[in-house]
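J.: For the protein sequence lines, the chains are W and V, in the order given. Going by this note's numbering, the first sequence opens with residue 1, and the numbers climb by one from there. Going by this note's numbering, the second sequence opens with residue 1, and the numbers climb by one from there.
These are computed hints drawn from the structure, not numbers from a lab. Bear in mind that the values here come from a model prediction, so they are computed numbers and not experimental data. We put the beta carbon where it would ideally sit given N, CA and C, even for glycine. Careful, some of the hints might be misleading.
What follows is a list of derived Cβ distance ranges for each label pair [said to hold, decoys possible]:
no.: 1; chain 1: V; residue 1: Glu185; chain 2: W; residue 2: Phe40; range: 35 to 41 Å
no.: 2; chain 1: V; residue 1: Ser396; chain 2: W; residue 2: Phe40; range: 25 to 31 Å
no.: 3; chain 1: V; residue 1: Asp369; chain 2: W; residue 2: Val41; range: 41 to 47 Å
no.: 4; chain 1: V; residue 1: Ile171; chain 2: W; residue 2: Val24; range: 31 to 37 Å
no.: 5; chain 1: V; residue 1: Leu129; chain 2: W; residue 2: Val41; range: 35 to 41 Å
no.: 6; chain 1: W; residue 1: Val24; chain 2: V; residue 2: Asn128; range: 26 to 32 Å
no.: 7; chain 1: W; residue 1: Phe40; chain 2: V; residue 2: Arg372; range: 49 to 55 Å
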Amino acid sequence: METSIVPEIMNSKKIKFYDSNGIVFQICEPSDFLFNFNRFVRPSLTIDKFEKQKYKYIETKKISIEQLKEFGFKIVSVKTNSEMRNIKRQIRSYLVESINTSIPNSEICLTLPRNHLIEYDYINHRVRLVGPNGWPYRRAENATPWKKVKDE
Amino acid sequence: MNSQLLLADVFGEGMLSHEDRWKKVFMNHIPVMITDKNRILCLPDSGEMFHIGCVGMTGKGKGICGNTMLGFEYWMKNRMCMILNDFQNETFEYSLPNSNKVFDNNLSVINTKSIGYPMVYVYPSHKNLIIKEEEKLFPHCKISLPKRVLIRNVEHFYKLDKAAKYVTAYIDRFIECDSLEEIDETITEILSENFEGKKNKFEEMKFKIKTIFKNLLDEEIAESAHTDAPSFLTVDIEEEGIFGYRNLAIQSLLVSGLIPSIQTSSIRGKSWFSAYMSFIIESVYDDFLFRDEEFLRGKNLSMYVPEVDKMFKKGNISDLTMKSLSLLGTNGRRAGIGLRWDAQDYEAVPSAITDNTKILFVMRQKDSDEVRKLKKDFSFDKPVQEQILSLESDPSKGKFECVALSTEPLLLYSPRDGSMVKTAFPQKGRLITPLAQHKVPNIPLKKLISQ
Numbered sequence: 001m002e003t004s005i006v007p008e009i010m011n012s013k014k015i016k017f018y019d020s021n022g023i024v025f026q027i028c029e030p031s032d033f034l035f036n037f038n039r040f041v042r043p044s045l046t047i048d049k050f051e052k053q054k055y056k057y058i059e060t061k062k063i064s065i066e067q068l069k070e071f072g073f074k075i076v077s078v079k080t081n082s083e084m085r086n087i088k089r090q091i092r093s094y095l096v097e098s099i100n101t102s103i104p105n106s107e108i109c110l111t112l113p114r115n116h117l118i119e120y121d122y123i124n125h126r127v128r129l130v131g132p133n134g135w136p137y138r139r140a141e142n143a144t145p146w147k148k149v150k151d152e
Numbered sequence: 001m002n003s004q005l006l007l008a009d010v011f012g013e014g015m016l017s018h019e020d021r022w023k024k025v026f027m028n029h030i031p032v033m034i035t036d037k038n039r040i041l042c043l044p045d046s047g048e049m050f051h052i053g054c055v056g057m058t059g060k061g062k063g064i065c066g067n068t069m070l071g072f073e074y075w076m077k078n079r080m081c082m083i084l085n086d087f088q089n090e091t092f093e094y095s096l097p098n099s100n101k102v103f104d105n106n107l108s109v110i111n112t113k114s115i116g117y118p119m120v121y122v123y124p125s126h127k128n129l130i131i132k133e134e135e136k137l138f139p140h141c142k143i144s145l146p147k148r149v150l151i152r153n154v155e156h157f158y159k160l161d162k163a164a165k166y167v168t169a170y171i172d173r174f175i176e177c178d179s180l181e182e183i184d185e186t187i188t189e190i191l192s193e194n195f196e197g198k199k200n201k202f203e204e205m206k207f208k209i210k211t212i213f214k215n216l217l218d219e220e221i222a223e224s225a226h227t228d229a230p231s232f233l234t235v236d237i238e239e240e241g242i243f244g245y246r247n248l249a250i251q252s253l254l255v256s257g258l259i260p261s262i263q264t265s266s267i268r269g270k271s272w273f274s275a276y277m278s279f280i281i282e283s284v285y286d287d288f289l290f291r292d293e294e295f296l297r298g299k300n301l302s303m304y305v306p307e308v309d310k311m312f313k314k315g316n317i318s319d320l321t322m323k324s325l326s327l328l329g330t331n332g333r334r335a336g337i338g339l340r341w342d343a344q345d346y347e348a349v350p351s352a353i354t355d356n357t358k359i360l361f362v363m364r365q366k367d368s369d370e371v372r373k374l375k376k377d378f379s380f381d382k383p384v385q386e387q388i389l390s391l392e393s394d395p396s397k398g399k400f401e402c403v404a405l406s407t408e409p410l411l412l413y414s415p416r417d418g419s420m421v422k423t424a425f426p427q428k429g430r431l432i433t434p435l436a437q438h439k440v441p442n443i444p445l446k447k448l449i450s451q
């Protein structure tokens with residue numbers, strides 16, 4: 001009996017196997033439930049062009065303490081990781097990823113006004129403090145002017 | 001277009017049609033993770049095959065990671081893939097699309113849908129092999145070793161001891177034998193030359209050598225033992241203009257576009273397991289390295305090796321499988337073969353593999369000592385170490401957290417504007433979840449098929 005494997009996704013490709021004696025070698029019965037492949041859907045991202053054109057997208061990058069001090073942020077030292085996590089919860093996803101520190105074995109925490117956050121645009125090397133209310137992009141109305149920072 | 005957006009600026013997004021507002025950006029790289037910053041982390045595509053590893057405690061998502069990569073590698077990149085050792089019969093589910101709603105929701109982030117893979121389950125034939133009824137429902141085949149290969153490598157399959165010098169020096173004569181009777185005659189000829197006038201020693205050595213070959217053939221791993229377990233397969237694929245392609249069974253299955261998954265649970269404890277697997281690895285390596293054949297030329301192979309640390313005893317440097325995998329570790333790139341391995345114990349993986357592993361997905365580790373072992377090959381600082389120790393997994397929510405470490409820049413797609421940036425910094429996130437079904441603990445295969 002001929003063996004044929006006809007997975008739909010493989011464009012009805014018929015594959016025949018033969019053993020060393022040239023006899024048809026069967027590796028399966030055609031079976032609907034096994035070869036009922038749907039068409040593969042290539043991964044994609046759905047972009048909201050309206051949102052994109054309104055606001056600049058910001059990528060995070062390491063930022064030094066000195067650079068942040070230039071913007072008048074009060075820097076305090078933090079003893080525990082949990083305090084750092086609490087502060088980070090106030091910071092939305094585009095923000096400072098990690099902070100260089102010249103103080104060994106401690107982590108530096110930013111004291112920010114309530115519901116404020118820092119946006120660091122590493123493409124254009126600038127930073128600003130953004131005010132409260134709503135999602136980050138809508139906070140643009142309540143932001144300080146962009147200030148250029150030194151490239152790291 | 002721009003005027004529509006300007007109008008929308010003033011009067012709101014209701015001014016935009018669906019096409020004006022939404023744009024689809026197709027991804028060209030294999031997605032694996034969604035980072036904590038909601039970027040889609042993808043594997044780089046340098047054109048060269050590199051090795052990827054996955055380490056972590058049991059049940060934290062190593063298999064999920066491998067399943068995810070396999071599906072996208074096969075369907076997106078049209079790449080040849082194989083699973084070298086399915087110890088626990090866990091890959092049957094890969095033939096089926098993912099039926100887990102939560103996993104499907106994860107896939108919707110990248111606008112794709114679950115789909116099974118065209119798997120073929122390959123059973124190394126031997127005298128005690130039993131295939132379960134539910135496994136027979138899937139495409140499967142039994143394979144054997146070419147007799148010549150078995151005899152040529154007899155010293156790896158069975159201990160020869162004092163018989164070694166009479167066997168290995170005359171191995172070419174034994175290779176020409178087709179039956180145990182012919183082997184017997186050959187032994188008599190060889191030993192007559194060497195034991196002239198010493199009848200007792202002659203008989204003793206003859207019995208010893210004959211027993212070795214008899215035991216070897218009795219294992220029924222050579223092609224002559226079974227008509228339903230070929231060592232070679234010939235393939236015809238009319239639509240691709242392939243007619244009469246003949247090669248070892250695994251290679252023929254690869255050329256036909258199927259994904260062989262070698263079922264090793266029944267041979268794992270055999271004394272010849274290492275020699276058998278070593279032959280498979282090296283024959284595949286030779287075929288891809290030399291690429292004399294039309295249908296392998298220019299092709300790459302992703303070789304999935306689940307539980308690589310369980311394939312040999314830790315520290316046993318003479319183990320044949322370890323040597324063969326180490327060969328792939330150092331030379332796989334030249335042959336176009338990339339290993340995708342996973343392990344619980346990072347140190348048990350041969351250094352030839354870990355030294356050449358460019359990307360490592362780290363699931364939850366047992367303790368900081370285990371995490372420190374990774375620093376030998378990947379640099380990361382204390383916060384990342386702490387992240388690794390606090391990773392979580394919740395299969396019911398499709399959540400498998402991991403940290404991606406890399407010596408090559410990884411690719412991050414932004415879901416907001418479709419842009420892609422490169423980063424070599426460690427990235428924490430969660431796995432995307434596979435396209436195919438993954439084995440669910442406590443749900444037997446039989447129940448899954450009947451659903």
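J.: All hints are to be evaluated individually against the structure, with a verdict given for each.
T.: Status of the hints after comparison with the structure:
1. Remark: the range hint 35 to 41 Å for glutamate 185 of chain V to phenylalanine 40 of chain W is contradicted by a beta-carbon distance near 57 Å.
2. Hint check: serine 396 of chain V to phenylalanine 40 of chain W, Cβ distance near 27 Å, so the stated range 25 to 31 Å holds.
3. Between aspartate 369 of chain V and valine 41 of chain W the C-beta distance comes to about 43 Å, which sits within the given range of 41 to 47 Å.
4. Our hint of 31 to 37 Å for isoleucine 171 of chain V and valine 24 of chain W holds, since their Cβ atoms are close to 35 Å apart.
5. A C-beta distance of roughly 38 Å is found between leucine 129 of chain V and valine 41 of chain W, which places it inside the suggested range of 35 to 41 Å.
6. Here the CB-CB span from valine 24 of chain W to asparagine 128 of chain V is close to 27 Å, well matched to the stated 26 to 32 Å.
7. Range check, phenylalanine 40 of chain W to arginine 372 of chain V: about 41 Å between beta-carbon atoms, so the 49 to 55 Å window is missed.
Violation of the numbered hints given earlier is confined to hints 1, 7; the remaining hints are satisfied by the structure.
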